[in-house]
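Peer 1: Residue numbers (the numbering used here), protein chains in the order written: chain S, 50 to 347; chain R, 711 to 1071.
No incorrect hints appear here.
Calculated pairs, DSSO-like style, for lysine-lysine (alpha carbon to alpha carbon, straight line, at most 27 Å):
hint, chain 1, residue 1, chain 2, residue 2
1, S, 127, R, 1055
2, R, 924, S, 127
3, R, 924, R, 873
4, S, 78, R, 1055
5, R, 971, R, 848
6, S, 215, R, 924
7, R, 971, R, 873
8, R, 924, R, 848
9, R, 873, R, 848
10, S, 239, S, 341
11, R, 971, R, 924
12, S, 127, S, 78
13, S, 127, S, 215
14, R, 750, R, 807
15, R, 873, S, 215
Across the chosen pairs, the derived CB separations fall in these ranges:
hint, chain 1, residue 1, chain 2, residue 2, range
16, S, 111, R, 761, 35 to 43 Å
17, S, 199, R, 917, 31 to 39 Å
18, S, 168, R, 917, 45 to 53 Å
The set of hints was computed from the structure by calculation and includes no laboratory data.
As the structure is a computational prediction, the values presented were derived from the model and not from experiment.
Just so it is clear, CB atoms sit at the ideal spot from N, CA and C, and this is done for glycine as well.
As a plain string of letters, each chain reads:
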Amino acid sequence: MRPGRTLLILVPYLWLLALFLVPFGIVFKISLSDTALAIPPYLPTLDLSAGWSGFMEFLSELDFENYVFLTEDDLYLKAYLSSLSIALFSTVLTLLVGFPIAYGMANAPEHWRPALMMLVILPFWTSFLIRVYAWMGILANEGFLNQFLLWTGIIAEPLQIMNTNKAVYIGIVYTYLPFMVLPIYATLEKLDGSLLEAAEDLGCGRTEAFWRVTFPLSRPGMVAGSFLVFIPALGEFVIPSLLGGSSTLMIGKVLWEEFFSNRDWPVASAVAVVLLLILIIPIVLFQRNQQKQQEAEQ
Amino acid sequence: MKRNIAILTLSVSALACAAAADEVRVYNWSDYIDEDLLEKFETETGLELIYDVFDSNEVLETKMLAGGSGYDVVVPSATFLQRQITAGAFQKLDMEKLPNHANMWEVVASRTEQYDPENAYSINYMWGTTGIGVNVGKVREVLGEDAPIDSWSLVFDPANMEKLAECGVYFLDAPTEVIPAALGYLGHDPDSHDPDVIQSAEGLFLGVRPYITKFHSSEYINALANGDICVAVGWSGDVLQARDRADEADNGVEIAYHAPKEGAQMWFDQMAIPVDAPNPDGAHAFLNFIMDPENMAAASNYVYYANGNLASQEFLVEDVSGDPAIYPDAATLENLFTTTPYPAKVQRVVTRLWTAIKSGV
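The following block holds chain S by itself, in its conformation from the complex (with noise of 0.2 Å):
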């Protein structure tokens, strides 16, 4: 191989290691110690000017028992339990809400396309706190939905959304929207249109070539969105600190806990490096299980 090329290739890893085997390995190394009163506030701190014996009694100060600790108390467990249940449902109601939004784009004159693709993206030259504080005018007890359904006559009370889980996927829903349109659309506007052609020759109606033709052709943009919403709203601490109530239980309000409250960064660390873990761990056995179906397939 040429050396050009080697380097060409090594551009990518690089980033990776500089942007997350990196920072990955220092919230690690945090994790395995103790919090301290100081500044930084966690013991030990990596000092190499002691040489090699300074640093391997700084790995003998190291130890997971605040991984242990996550275990002792359920709060942890039922925080990435509620977080995964907000994600995923959020992603599934953001799929409901995008693939339609996603087939018109696709099917839309294509003339109009540039200005639909347009529309999609216009919500991100607003600041996303911007965005989310709008909700709240919406939402609240005498925002404006409120107000329109009582003067519509619809609702006699105001109903309560702002400030509970409702507002939470609302806000999900709204600000991941254009992360599941925008991969859908690619894969639908790239789709071969004689194939549902041949499918209308081969006796399907609309619906059903629609089903058995589009739809699947239309998964790999399904997935990638699907990626796209989860993770982020997994983590997510914005949208349920600003909209959700105080029951919301997410993992990025506990991680904000542990951060600021407690002053306990080891903890802190700790429940990061476990969410990374849930997220990594079902990304790899779906992508090998895609990988195989593949390989089968051919």
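With chain S fixed as given, assemble chain R onto it according to the hints.
Peer 2: Chain R alone, transformed into the frame defined by chain S:
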């Protein structure tokens, strides 16, 4: 609303901290200064002032203990300050650069010495109490004319809370202030560090938890002023600011603050200079500016909190100096208690209890 966004974006602004010698970066509580003073400081000293805000001691403490916050002046409450001094987060004040220090009030200084021996690291900015703010009209409407608005039983007795729930009750999201209040109401030492005693507050909260609308440490000002809620467990000056905003809006909302008769926490917010402040000279200039009697009085007149500056008292408006909710009379002073910082293990018990109270887990 703008303020809350500022709180969440401040971490971003703190990152971009290649501070120059002509900049002073101040990190203070939200709604805690007359903003005209910020401009006055810039004109008087020629320094550029960058002013960020927070609404929780925990956020500030994490920044201090992480180090390299980029701030020159920060304003922790005294209990938090004490722990941060132990951790080595602050530098000693250079009294020669603080000629206005002579204006400080011995009565307050002797109390803050409990946290910062000889007041070597900090000056008092404001002090106040943690108590109950009520929308008088609404509470009387719900509970009747003799509603106990000057007692913790208003928010800790389920019978009252059940009725108040319909008009909205906010609690501070500050365990180190609300739990001591609950312990005091139960007849324990509010400053108890005994995990079993602290845990005993749980039962009290479980009874009223279903009726608490929200735990938040800054939204209640607007919520009270707009009439969205009728009771808030909050800080004295914040409630009085809500009263002021309601008066300005002329919306018929009448707000009152009480330091409950069973005992209320007295706290001190102290200005200190981080050990790694990029511009310690500028920080001293800011502290000296704040300790100027007229400036300090302007701040108090604006935020409705008492200050630790004796010379400023002649410049206070009657509305502030004459209000027992701000400058408590002798009888109320006797009912006020102070707390000391929790050790790490006890802190974990307090946080865990707080999570249990808030989210039921």
